[in-house]
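The listed protein sequences correspond, in order, to chains W and F. If you use this note's numbering, the first sequence corresponds to residues 26 to 301, in order. If you use this note's numbering, the second sequence corresponds to residues 110 to 211, in order.
Just so you know, these hints were derived from the structure itself, not from any lab. A couple of the hints might just be wrong.
Some chain W residues well away from chain F (every beta-carbon gap over 12 Å; in silico) [claimed, not checked]:
#: 1; residue: Ile105
#: 2; residue: Asp107
#: 3; residue: Asp135
#: 4; residue: Lys232
#: 5; residue: Tyr280
#: 6; residue: Ile285
Pulled a few chain F residues facing chain W out of the computed Cβ check, cut under 8 Å [as the list claims (entries may be wrong)]:
#: 7; residue: Leu140
#: 8; residue: Gly168
#: 9; residue: Gln169
#: 10; residue: Phe180
#: 11; residue: Ala184
#: 12; residue: Ile186
All figures in this text were calculated on a predicted structure; none of them were measured in a lab. Every residue gets a Cβ at the ideal spot worked out from N, C-alpha and C, and that includes glycine.
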Amino acid sequence: MSLVFAGVCSHAPGITGRAERAEPALRDPFYASFERMRRALEASRPDALVVIGAEHFANFFMNNMPAVCVGMAASYEGPIEDEKWLRIKRTRVPGAPELSRRLITEMMNDVDLAYAEEWKFDHGIMVPLNFLTPRYDLPIIPMNINCQGPPLIPLKRCWTLGRALRRACDQAPERIALIGTGGISHWPATPDSGKINEKWDRDFLEKFLDNRRDALLAYTDEATHREAGQGGFEIRTFVAVAGATEGSKGQLWFYAPIPIFAVGCTVAVIDLKAAA
Amino acid sequence: MSLYHVQKLLYQLNRDPSVRKRYEENFDSLLAEYELSAEELRAIREPDIGLLYVMGVNGQILMHYAALRGFEWDAYIEAMRAGERRYGPVRTGLYVRAGQDL
């Protein structure tokens with residue numbers, strides 16, 4: 026089989042942790058879009074869900090920072106954050122170690138990867154799972170792209186990573202779903218938290234949804250940092266999804282800046298059937 | 110005596126319950142295991158969240174330490190702003206403002 030579902034969504038901790046402080050007129054449609062994504066994900070009947078996230082110093086530190094790491098554990102625990110702070114109850118999430126190993130082995134033909142048989146999920150994965158797999162019964166394969174501690178891998182390598190993942194999925198008999206999670210422009214956990222460059226976000230999303238490789242790979246970290254904040258480095262997760270779905274267009278199911286969530290809240294799904 | 114060691118301590122404190130237990134039982138003995146300057150020690154002990162921010166501690170590490178030390182979200186944001194007013198711009202790392210070196 027191959028990919029049966031692909032999409033992207035936001036993961037900011039405020040989405041759950043500061044829920045009551047958001048404007049209901051924006052928050053509720055955002056949550057409804059997550060619910061719509063959950064139904065679409067379930068309808069695709071996946072055997073496992075690959076989550077490409079941007080881990081935030083939950084597992085990896087500058088003593089040994091992988092550019093990209095893929096989980097290969099039988100199970101994962103999360104959230105690592107205080108349950109009351111994130112408002113997500115700590116739980117154990119099933120993994121898919123044998124499938125992980127096959128995907129990693131295949132991907133290594135094209136990209137260098139670290140792997141981890143131990144991994145604690147932070148908000149970057151737990152917030153999406155809270156909405157998309159609320160029973161935590163779908164096996165998860167986490168993949169982390171370092172977006173926090175430069176030097177970071179270039180965007181062109183994120184695209185290559187996505188393509189390698191797709192090729193590995195194409196060779197697996199399992200039905201595999203893929204979610205990329207990250208912010209677009211945002212300045213999380215800083216005095217500028219809540220600042221969002223909506224124009225920059227919409228421009229990026231247009232290129233992403235249109236799967237325009239050259240336009241996506243033309244972004245530079247210097248310009249992204251200036252216009253979209255350090256949180257903008259997380260576009261790497263979107264670019265990896267775009268690489269994995271090369272030739273397919275996407276649909277934007279939700280986008281709105283919600284400052285108390287500190288991000289332009291996004292839900293988008295790729296129409297894999299439209300792939301050439 | 111560097112941003113690296115400050116962040117390493119806070120990273121381990123955030124993620125490792127056994128390190129958090131040592132923080133609760135004997136913070137000084139835990140701090141002694143890291144190479145920290147007098148300024149860094151003061152910022153961590155007090156805690157001076159604004160100074161830690163200006164030193165360049167990543168917010169994804171700092172926000173959890175602030176929460177551990179009782180800072181609600183708005184207080185955490187205000188502490189960083191106060192830090193910039195008192196100590197000047199962020200010295201190094203991701204949060205150096207546009208126009209400064211990355």
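Verification of the hints:
no.	hint	in the structure
1	Ile105	violated, 6 Å
2	Asp107	violated, 6 Å
3	Asp135	holds, 29 Å
4	Lys232	holds, 23 Å
5	Tyr280	holds, 23 Å
6	Ile285	violated, 9 Å
7	Leu140	violated, 18 Å
8	Gly168	holds, 3 Å
9	Gln169	holds, 4 Å
10	Phe180	violated, 11 Å
11	Ala184	violated, 12 Å
12	Ile186	holds, 6 Å
In terms of the numbered hints stated before, the structure departs from hints 1, 2, 6, 7, 10 and 11, listed from lowest to highest.
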